[in-house]
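With these hints in hand, go ahead and build the complete structure from the sequences.
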Amino acid sequence: VAKNTAEVILTDDNFASIVAAVEEGRVIFSNIRKFVFFLLSCNIGEILIVFISILYNLPVPLLPIQLLWLNLVTDSFPALALGMEKGEEDIMMLRPKEPDSPIIDRYMMVDIIIQSIAIGITSLLAYTWALKAFPHNLIKARTITFATLITAELLRAHSSRSERHLLFEIGVFSNPTMVYATSLSFLLLLAVIYVPILQPIFHTISLGLIDWGIVSTFAFFPLLISELYKALFI
Numbered sequence: 001v002a003k004n005t006a007e008v009i010l011t012d013d014n015f016a017s018i019v020a021a022v023e024e025g026r027v028i029f030s031n032i033r034k035f036v037f038f039l040l041s042c043n044i045g046e047i048l049i050v051f052i053s054i055l056y057n058l059p060v061p062l063l064p065i066q067l068l069w070l071n072l073v074t075d076s077f078p079a080l081a082l083g084m085e086k087g088e089e090d091i092m093m094l095r096p097k098e099p100d101s102p103i104i105d106r107y108m109m110v111d112i113i114i115q116s117i118a119i120g121i122t123s124l125l126a127y128t129w130a131l132k133a134f135p136h137n138l139i140k141a142r143t144i145t146f147a148t149l150i151t152a153e154l155l156r157a158h159s160s161r162s163e164r165h166l167l168f169e170i171g172v173f174s175n176p177t178m179v180y181a182t183s184l185s186f187l188l189l190l191a192v193i194y195v196p197i198l199q200p201i202f203h204t205i206s207l208g209l210i211d212w213g214i215v216s217t218f219a220f221f222p223l224l225i226s227e228l229y230k231a232l233f234i
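For the sequence shown, our numbering begins at 1 and goes up steadily by one.
Derived from the structure by calculation, the hints contain no laboratory data.
Check before you lean on any hint, since a few could be wrong.
[Unchecked claim] Computed cross-link-like contacts, BS3-like style, restricted to lysine-lysine with a CA-CA straight-line distance of at most 25 angstroms:
#: 1; residue 1: Lys86; residue 2: Lys230
#: 2; residue 1: Lys230; residue 2: Lys34
#: 3; residue 1: Lys34; residue 2: Lys97
#: 4; residue 1: Lys97; residue 2: Lys230
#: 5; residue 1: Lys132; residue 2: Lys97
#: 6; residue 1: Lys97; residue 2: Lys86
[Said to hold, decoys possible] Simulated DEER-style distance windows between Cβ atoms:
#: 7; residue 1: Pro64; residue 2: Ser101; range: 33 to 39 angstroms
#: 8; residue 1: Ala20; residue 2: Tyr194; range: 19 to 25 angstroms
#: 9; residue 1: Pro64; residue 2: Ala16; range: 50 to 56 angstroms
#: 10; residue 1: Val36; residue 2: Glu169; range: 41 to 47 angstroms
Yeah, the Cβ is synthetic: ideal placement off N, Cα and C, and Gly gets one too.
Here is the structure:
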């Protein structure tokens with residue numbers, strides 16, 4: 001009767017096992033937050049790009065097939081890799097959370113807003129630059145925007161691995177799954193841009209070194225903003 005009515009049943013009353021179970025629960029909850037944070041900030045950023053471009057009467061920067069690729073391919077692998085994080089070393093030093101505490105709290109909501117704006121604005125700046133640089137080549141402007149957004153999201157995936165620690169503190173290669181996931185997503189991006197049979201499907205065009213220089217410059221801004229936010233306010 002006691003077992004059937006209890007909320008928690010201890011099958012192993014070793015204190016070390018209890019501590020390990022609590023730590024594992026905290027890691028799982030933390031990884032769920034990172035997963036949700038990454039996907040929401042990326043998706044809202046994509047919405048902002050399209051919404052702002054419509055407000056300013058610009059040609060649509062991303063086509064439906066490109067948005068579909070972003071959500072089904074680019075974001076999926078890094079998001080799953082976030083679930084493989086082993087957790088911060090000091091996770092047991094944090095205060096316990098209330099049982100009814102939401103996954104998206106006030107601090108995460110602020111961070112989502114900041115990152116969404118950073119991703120949306122930097123990608124839109126890359127788009128407006130491309131429109132001015134190639135006024136008669138809308139496909140190239142969209143390709144630059146597409147590449148900038150994907151690269152920014154892949155870099156942001158590495159920063160999303162910790163809500164409190166900077167990327168250089170946890171180490172870029174400390175989660176090999178994330179390295180493999182982002183590398184695979186980037187290789188697939190290159191395939192969409194450079195494989196001739198895929199170009200008409202995704203409405204892309206080959207980019208040169210100067211174009212990639214522009215893409216890299218804009219794509220690093222969301223990562224820098226994320227790291228600065230953690231350094232200054234967390």
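Query raised in the report: So which of the earlier hints does this model not fit?
Result: 5, 8, 10
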